[in-house]
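Asker: Next come the chains, spelled out residue by residue.
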Amino acid sequence: MGVEATAQPTGLVRARVAGFARRRFALWLLLPALVLTLGFYVLPTVGSYWLAFFDWDGLGPVGGFVGLDNFSRLLHDDSFLAAALHNVWIFVVLLVATNTVSLGLAMLIDRKFALRNVYRAIIFLPYVLSPLAIGFIWQVLLSPSIGILNPALDAVGLGGLQREWLADPGTALWVVIAALAWQWNALATVVFLAGLQSVPGELRDAARIDGARPARVLRDVTLPFLAPAFTTVNVLLAVFAFRAFDLVYVLTGPLGAPDGETLVMGTAVYTTAFPTGQFSSGASFSYAVAQGIFLTAVLGLAAFALLAFLGRREKRVL
Amino acid sequence: MTDLDERLQRLVSRRRALQGAGGLALAGLAGGLLAGCGSDSGGDGGGSTTIAAWHEHPELRRPIEELLTAFHAAHPSISVDMSYKPADQYEALLQTALVGGAAPDALGFLGAARFRQGLRYATPVGAKVDPSRLTLVAKAATVNDGKVWGVPLASFTVGLFYNRAIFAEHGLEPPKSWGELMTVARTLQDKGVTPFSMPAQDMIIPFFFYMLAVTAILGETTVEDLATGRRKLTEPELVRAAQLMIDCQPYYNKGFAAVPYVEGKALFAQGRAAMIIGGTEDYAGYIDVNPKADVGVIGFPSPDGALQSTVSGNDIIYTINKKSPHKQQTAEFVAWLASDEAQQIVANRIGVPVVRGVTPTGAGDRNRVEREFIAAGNPAGIVWLESDALIGCFGVAQRSAGIFTGSLDAAGFAEAMQRAIVVSS
Amino acid sequence: MSSEAARIPGTATAARRRRRLRAFGSSLSGQAVLAIACLAILAPCWFLFVGSFKSVEEFFASPFGLPASFAPTNYRGAWEEANIPTALVNSVVVTVASVLLGTAVSCLAAYAIARLRFRGAALVQLLIVSGLFVPTQVISIAVFIEMRQLGLLGTIWPLILMYATLGIPVGVIVLVGFFRAIPRELSEAAAIDGATPWRTFLDVILPLARAPMMTVAILNGVWIWNDYYLPLLFSTRAELQTLPLAILSFFGAYSTDYGLVFAGVVISAIPVVLVYVLMTRRFIAGVTAGSVKG
Numbered sequence: 001m002g003v004e005a006t007a008q009p010t011g012l013v014r015a016r017v018a019g020f021a022r023r024r025f026a027l028w029l030l031l032p033a034l035v036l037t038l039g040f041y042v043l044p045t046v047g048s049y050w051l052a053f054f055d056w057d058g059l060g061p062v063g064g065f066v067g068l069d070n071f072s073r074l075l076h077d078d079s080f081l082a083a084a085l086h087n088v089w090i091f092v093v094l095l096v097a098t099n100t101v102s103l104g105l106a107m108l109i110d111r112k113f114a115l116r117n118v119y120r121a122i123i124f125l126p127y128v129l130s131p132l133a134i135g136f137i138w139q140v141l142l143s144p145s146i147g148i149l150n151p152a153l154d155a156v157g158l159g160g161l162q163r164e165w166l167a168d169p170g171t172a173l174w175v176v177i178a179a180l181a182w183q184w185n186a187l188a189t190v191v192f193l194a195g196l197q198s199v200p201g202e203l204r205d206a207a208r209i210d211g212a213r214p215a216r217v218l219r220d221v222t223l224p225f226l227a228p229a230f231t232t233v234n235v236l237l238a239v240f241a242f243r244a245f246d247l248v249y250v251l252t253g254p255l256g257a258p259d260g261e262t263l264v265m266g267t268a269v270y271t272t273a274f275p276t277g278q279f280s281s282g283a284s285f286s287y288a289v290a291q292g293i294f295l296t297a298v299l300g301l302a303a304f305a306l307l308a309f310l311g312r313r314e315k316r317v318l
Numbered sequence: 001m002t003d004l005d006e007r008l009q010r011l012v013s014r015r016r017a018l019q020g021a022g023g024l025a026l027a028g029l030a031g032g033l034l035a036g037c038g039s040d041s042g043g044d045g046g047g048s049t050t051i052a053a054w055h056e057h058p059e060l061r062r063p064i065e066e067l068l069t070a071f072h073a074a075h076p077s078i079s080v081d082m083s084y085k086p087a088d089q090y091e092a093l094l095q096t097a098l099v100g101g102a103a104p105d106a107l108g109f110l111g112a113a114r115f116r117q118g119l120r121y122a123t124p125v126g127a128k129v130d131p132s133r134l135t136l137v138a139k140a141a142t143v144n145d146g147k148v149w150g151v152p153l154a155s156f157t158v159g160l161f162y163n164r165a166i167f168a169e170h171g172l173e174p175p176k177s178w179g180e181l182m183t184v185a186r187t188l189q190d191k192g193v194t195p196f197s198m199p200a201q202d203m204i205i206p207f208f209f210y211m212l213a214v215t216a217i218l219g220e221t222t223v224e225d226l227a228t229g230r231r232k233l234t235e236p237e238l239v240r241a242a243q244l245m246i247d248c249q250p251y252y253n254k255g256f257a258a259v260p261y262v263e264g265k266a267l268f269a270q271g272r273a274a275m276i277i278g279g280t281e282d283y284a285g286y287i288d289v290n291p292k293a294d295v296g297v298i299g300f301p302s303p304d305g306a307l308q309s310t311v312s313g314n315d316i317i318y319t320i321n322k323k324s325p326h327k328q329q330t331a332e333f334v335a336w337l338a339s340d341e342a343q344q345i346v347a348n349r350i351g352v353p354v355v356r357g358v359t360p361t362g363a364g365d366r367n368r369v370e371r372e373f374i375a376a377g378n379p380a381g382i383v384w385l386e387s388d389a390l391i392g393c394f395g396v397a398q399r400s401a402g403i404f405t406g407s408l409d410a411a412g413f414a415e416a417m418q419r420a421i422v423v424s425s
Numbered sequence: 001m002s003s004e005a006a007r008i009p010g011t012a013t014a015a016r017r018r019r020r021l022r023a024f025g026s027s028l029s030g031q032a033v034l035a036i037a038c039l040a041i042l043a044p045c046w047f048l049f050v051g052s053f054k055s056v057e058e059f060f061a062s063p064f065g066l067p068a069s070f071a072p073t074n075y076r077g078a079w080e081e082a083n084i085p086t087a088l089v090n091s092v093v094v095t096v097a098s099v100l101l102g103t104a105v106s107c108l109a110a111y112a113i114a115r116l117r118f119r120g121a122a123l124v125q126l127l128i129v130s131g132l133f134v135p136t137q138v139i140s141i142a143v144f145i146e147m148r149q150l151g152l153l154g155t156i157w158p159l160i161l162m163y164a165t166l167g168i169p170v171g172v173i174v175l176v177g178f179f180r181a182i183p184r185e186l187s188e189a190a191a192i193d194g195a196t197p198w199r200t201f202l203d204v205i206l207p208l209a210r211a212p213m214m215t216v217a218i219l220n221g222v223w224i225w226n227d228y229y230l231p232l233l234f235s236t237r238a239e240l241q242t243l244p245l246a247i248l249s250f251f252g253a254y255s256t257d258y259g260l261v262f263a264g265v266v267i268s269a270i271p272v273v274l275v276y277v278l279m280t281r282r283f284i285a286g287v288t289a290g291s292v293k294g
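Protein chains in written order, with the numbering used here: chain A, 1 to 318; chain B, 1 to 425; chain C, 1 to 294.
Just so you know, the hints here were simulated from the structure itself, not pulled from any lab data. All C-beta atoms in this analysis are idealised placements derived from N, C-alpha and C, irrespective of residue type, glycine included. Take these hints with a grain of salt, some might be off.
Which bits of chain A does chain C cover? Going by a derived footprint, with three or more residues having C-beta under 8 angstroms, they are [unchecked claim]:
{"id": "1", "region": "29-43"}
{"id": "2", "region": "135-146"}
{"id": "3", "region": "154-168"}
{"id": "4", "region": "194-202"}
{"id": "5", "region": "225-237"}
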């Protein structure tokens, strides 16, 4: 009796002590990440983003408070809004392509066969090579004067498909998306592959021995283990699609030729913040920051939508 | 888990931890070894000073090193540490460094207008440089209220390059008037030769086309006329300049709207296009692609053929960083750039000299081309990027690619340009 | 007996034979698809490789044909002109240090967020992940000023610290997902055995995280290796240049030596591909070893 009477309060106390210890432990674990994040991400970001509400030409002293002027200017800026739309297109196409093609490729490579390591290395190359050089190669490939895509189409009898790929407003954006997809696919496939490799072989074998058809094995055994990979790939996909810059800049230039058809928010922000031909003037830098905030907002929205959707599926499945 | 597995796991995690620690230690060591003084200004070492400067033409490394060696020979106690930045990012980097308070001792600004924007960070070179020795285009940029604030490394001139071999083959003479220009273009087109290389991806060449056409109409006083509002780009006579760009469109290379500058130059150098707008500093690029390129240069034609125009501007203009701890030595360097010795190297290897009386010595095609530029410069206009009033036009040109897709007509283009001009009387 | 069984559809033997046939067929078509995909993927890379053996003149004359010779002139040129040995060392130091720091830090944070119940875990995760949403160009000036205030300009630390920070969001996304999936019984068992929370983390949970940590390393390592913008800002001195800057130095304002550019890019790609292949091979060995013990 007496033992039981004292056991309960001790249990509660121990639980609470454990709670404190756990929270303190958590704090220690979080400390390095928080220090770096607050010091080198939050601080410079806040330190830059407040400029959007002021008037700054990027070189001299900061001007006066302008409130939401830069943002209302943004909402009337047709070329920037068009750029945002281009990013959305990139996002949508990559979303579909990644979750079908990249996943499929990863599953193909996942099977055991001799040349597997060779394929793994090859698949990864587009992501490894510097976008500066790759963009240039793509651009020359597509050139109507010295490229080989048009001559190649002609050679196989598809001459009718020849186009001025990067100059034709109808095809320019799609070509850029193709180049981006080509680069992104490398990364997505690799991540899916890593995820597939985390599926315990015995479970798959067991399911197969039980007579399950491959599609069933896929759905009930493999996919659940891929859930974290799906989350990673799709969130990074959103980041890649909305922050696209290097490859697009090299492929179609700072202005998103032709006539802004391939402009994306990344290049728009960069050329607004650092225009060639002059230092930022006429409050350009502040406007660029406002554009940056818009980019962040849109990307955040897309990422959270994805996380919410995938998170729910993840929980249902696990 | 078996014992062996457990031990293996612990070994792996410990190895990772060690690797982590080792990596950080290595990085720290390397960082310590690589650490130096804070900002980008040079250093002092036993009587010899090093000053830092930037340049945006990595491809000119060798000629510039030659220049710096000559400077060091003339001033043994000063050496210049030149850093080559990629042209596309140069201004972003300079702006960041200026705002961040870590800019080099010798500040280099691209063109007169940017130079003037940056003057608040500079001190004048002063009496070391005699303004009367500077060429007109250099003086216009660097002399402010009587004081000389800096020295351009070189100037450049832009005109119309043409392929001599192609012209000779088809019995054509370089055009002097717009009528002749169209005739030449049509003839070449009929014979299967692309008349113009017009790489418009970044709208720089079209902008130069427009400037040359307007200068061909207004003459030497172009910049002054437009800056004071005496003439407007929207006048019918001047709208014709924009219209010419549209009229020539059938004669541009295929897909030109998305062709980058480098490809456009390559097409011309290989003889796949007969003409291109180009400057004194483009010639080396043509030869890189085709060492046997046979090209010449003329001024841009005018409507009636009375004159042909070129436009000139300043390359990078060096001045002294107000916050530099080595202002004295930097002033020596900047002043030396205006010396005959320095400018002779510039004339032979880099561009158009900024002091009078220096001409490229030596034979060779490069010098021939430069002499043709000098001969073609009548009227010699000024690149609008050099003028405070007109510098905004370039930004507008960048947003006006619609002139080639039809969404912008000549009048609209001229209107947009005119709106960017800051008129002052 | 077995032959009769095989003739009756629906029996295990028949099913097995059908499965084997299907497996064979699909593996053939699978191989074909893979081969075609690899060709499409490889084409631009191949042209880049081939281009690295051409001079500028040769490249524009014949951008996609085989080079006149496979002499490594451009490689030698790139190696010397851009001081690639130094750049290589710097790139290795920066990338390795950043990846190690970033991965270690994200691992700790992800574990705390995923498995330790404390208030505000979701908020912290949100804060960290939001780091991916900010375009670097806009905050570059602020970062530059901050580094100057800290007196770090002219050293290698701005790069390492920035890259590590920029790598944390990815690390957290990957590792939180992974840590959440580990059954609670594992850590509870360790706790019952008397292990401290730290020991539980280090000896029980962490060893399982090899695979996702490698994924994080790859995800961050490759873009850090190729990034040119931050080094452009901070590695102003020649001794601090990284490989992307070395390659960038071949891009002129008026003329570019593409042969050198391509050679530089190939030189830059080799270490990454090697590390990737080696890492994933080791990783597979680890996983299959694990699955055998059952």
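Asker: Could you run down the list of hints and mark each one as holding or not?
Answerer: We went through each hint and held it up to the structure:
no., hint, in the structure
1, 29-43, "holds (count 12)"
2, 135-146, "holds (count 6)"
3, 154-168, "violated (count 0)"
4, 194-202, "holds (count 6)"
5, 225-237, "holds (count 6)"
This entry does not satisfy hint 3, going by the numbered hints stated previously; all others are met.
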